[in-house]
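Visitor: As they're listed, the protein sequences go chains A and B.
Going left to right, the first sequence walks through residues 1 to 293 as the numbering used here numbers them.
Going left to right, the second sequence walks through residues 1 to 143 as the numbering used here numbers them.
Please note: incorrect hints may appear among the correct ones.
Pairs of lysine to aspartate or glutamate, EDC-like flavour, derived with a Cα cap of 20 Å [unchecked claim]:
(1) A:Lys-258 / A:Glu-165
(2) B:Lys-121 / A:Asp-158
(3) A:Lys-241 / A:Asp-144
(4) A:Lys-49 / A:Glu-13
(5) B:Lys-35 / A:Glu-218
(6) B:Lys-35 / A:Asp-214
(7) B:Lys-121 / A:Asp-245
No wet-lab data here; the hints were simulated from the structure.
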Amino acid sequence: MNSLYFAQYLVNEGVIAEREAKELLKEAEKTTPGLAVVALAEGAVSASKLAELMPFEKDAFSKLAVAEGLLFASQVEKLQEARSTDGLKTAQALLDVGKMDFMELGRWMAACGSMEGSPFKESVRRIIAEQNEELEAEEGLYADFTELFMRSLMRFMDTPAIVTECAPDIEETLFATHTVSQRLSGSVSFVSGLYASDKVFIEMAQRYSHELIDEADEMAEDCVSEFLNVVNGLFVVDLGKRDFDLDLETPRVGKNTKPMGSRQLQLCVDTGFGAFTLVLASDEVTLSDAHHY
Amino acid sequence: MEDNNEMENMQEKSGLDDRPLRILITDDSKLLRKKLRLELEKFGCEVLEAQNGKDAVMLTLQEKPDGVFLDIVMPEVGGIEALRVMKEVSPELPVIMLSSAGTPQKLMETLKLGALDFIQKPYTSAQIAKAIESIRKKAVGDE
Numbered sequence: 001m002n003s004l005y006f007a008q009y010l011v012n013e014g015v016i017a018e019r020e021a022k023e024l025l026k027e028a029e030k031t032t033p034g035l036a037v038v039a040l041a042e043g044a045v046s047a048s049k050l051a052e053l054m055p056f057e058k059d060a061f062s063k064l065a066v067a068e069g070l071l072f073a074s075q076v077e078k079l080q081e082a083r084s085t086d087g088l089k090t091a092q093a094l095l096d097v098g099k100m101d102f103m104e105l106g107r108w109m110a111a112c113g114s115m116e117g118s119p120f121k122e123s124v125r126r127i128i129a130e131q132n133e134e135l136e137a138e139e140g141l142y143a144d145f146t147e148l149f150m151r152s153l154m155r156f157m158d159t160p161a162i163v164t165e166c167a168p169d170i171e172e173t174l175f176a177t178h179t180v181s182q183r184l185s186g187s188v189s190f191v192s193g194l195y196a197s198d199k200v201f202i203e204m205a206q207r208y209s210h211e212l213i214d215e216a217d218e219m220a221e222d223c224v225s226e227f228l229n230v231v232n233g234l235f236v237v238d239l240g241k242r243d244f245d246l247d248l249e250t251p252r253v254g255k256n257t258k259p260m261g262s263r264q265l266q267l268c269v270d271t272g273f274g275a276f277t278l279v280l281a282s283d284e285v286t287l288s289d290a291h292h293y
Numbered sequence: 001m002e003d004n005n006e007m008e009n010m011q012e013k014s015g016l017d018d019r020p021l022r023i024l025i026t027d028d029s030k031l032l033r034k035k036l037r038l039e040l041e042k043f044g045c046e047v048l049e050a051q052n053g054k055d056a057v058m059l060t061l062q063e064k065p066d067g068v069f070l071d072i073v074m075p076e077v078g079g080i081e082a083l084r085v086m087k088e089v090s091p092e093l094p095v096i097m098l099s100s101a102g103t104p105q106k107l108m109e110t111l112k113l114g115a116l117d118f119i120q121k122p123y124t125s126a127q128i129a130k131a132i133e134s135i136r137k138k139a140v141g142d143e
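Same shape as in the complex, but just chain B:
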């Protein structure tokens, strides 16, 4: 019940010309993408998916998402490299790192590169809700 209210409030508050937040999930795990998509759709988000850093950068340029969830350990181009490129082309893009590799060193490195937050896997629904709220705030502020 509380969750439903939270969701409705978020949808009402989005204020992005009444369009839903467009979020890009980047993870090589199909399971992770499926579970996170369901989570984000509960919050009324429109979801895009990429399986590696290279595809994520392409989608960021083409689709201009409002925010990105980005894994670090991925084939081809990993999350750190993808974050670096994303921040070069869209410095204001909110990027939430969602990774198993949450060492203090990785945390520092990604925050220095401009990531908005770092969520250590396994994530909780509350962490995702908080991340969506911070993406929404940034998106509204930037419009």
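Isolated chain A, as found in the complex:
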């Protein structure tokens, strides 16, 4: 199973509602995947065996599995290593909150593993088809970027995340906010940006830099800008392989502004540490001209 996709897959399939997923991500942030979940994801143990072996004890799996002759000690060690690098927090959180048992979890993990395509791209396509039909021409570009952005977010900020249509909580966006955007120009014109409450912005900066950052100051702006710059760079490299020649411009930062652009799509990104808005456009107005509160 590609565990990075799991939360988004469950939302797209309607197994969990968006609101429920947001709460689940917060739970996932607090939990550590147990070895049983890792073993299930890796196909080392069947869901039915797990259900029979350990209905409740999250931490007893390794001892029980070895004692019952299900796994060798060396296999347990390998699973321990896999645990530190995977994104299975969502799966563990589903068990923790009692939303699923091992049988159901195993079924959905298998379904997610056999899925073709990307749930992030699927989500963007659905949002465009349902609410932003005029962006049909940009669909491919926006879906590709969102896929890369979400994977980078999980990789660099160590959090499960989902993308949904934009309806950020009022308390998240009404007060102090920060916007970072960067334009890519050349064969196509494209701007990506993100817009977050200062609280979420600081957390993003801290997670990306591994530095202690407690204010939405110049250093925080620098860290989030550099994150966006790295993601956009990877996107430009991907497009370069498809013969698109694009240049990156320097990232721009704004305080208490809303990004505005033409052909704009706003997506809500929920993570374990809060939500922010991802903004994609073909062009942007200058931040100084954008709407200020």
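Please arrange chain B on chain A, whose structure you already have, making use of the hints.
Guide: Below, chain B without anything else, positioned relative to chain A:
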């Protein structure tokens, strides 16, 4: 442990009249400069910093570094223009491009202008170690 040995070997091998390699980092990101400085200092390098291409060219002329890490996307003067000027005034200066904009076109352009290598962000410690080793070799060869 392996890293420590690698570092000691590099320091022993530097052979530049026993002085450390002097490396100029050019990037508009404070975070990048901070992280890369720590990385380079682990290898015993003396580090200079510039925030844009214009300052980098000035420092290259004044401080004569042994090597440069150069970003491309920067305010005022970008990395490509800075590389062009650096190579005009110091053709032998080893310049490692360290940028997010690693398209095939940019790679070709910077290598044609004389860059020694191109590292796509985000970099790894191993890539930096390799770059330092190639700067060191060039510096020793040129002395």
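Visitor: Against this structure, judge whether each hint is valid.
Guide: Hints, verified against the model:
Distance restraint check for Lys-258 (chain A) and Glu-165 (chain A): the Cα-Cα separation of roughly 17 Å lies within the 20 Å cut-off, and the hinted pair is therefore satisfied. Note on Lys-121 (chain B) and Asp-158 (chain A): the hinted pairing holds, with a Cα-Cα distance of about 18 Å set against a maximum of 20 Å. Simply put, Lys-241 (chain A) and Asp-144 (chain A) have alpha-carbon atoms about 14 Å apart, close enough for the 20 Å limit, and the pair holds. For the hint linking Lys-49 (chain A) to Glu-13 (chain A), the alpha-carbon distance of about 26 Å lies beyond 20 Å, and the restraint is violated.
Taken as a hint, the Lys-35 (chain B) and Glu-218 (chain A) pair is honoured in the structure, with Cα atoms around 16 Å apart against an allowance of 20 Å. Annotation: proposed proximity of Lys-35 (chain B) to Asp-214 (chain A) holds, straight-line Cα distance about 19 Å (limit 20 Å). A C-alpha spacing of about 18 Å is found between Lys-121 (chain B) and Asp-245 (chain A), which places the hinted pair at or below 20 Å, so the restraint holds.
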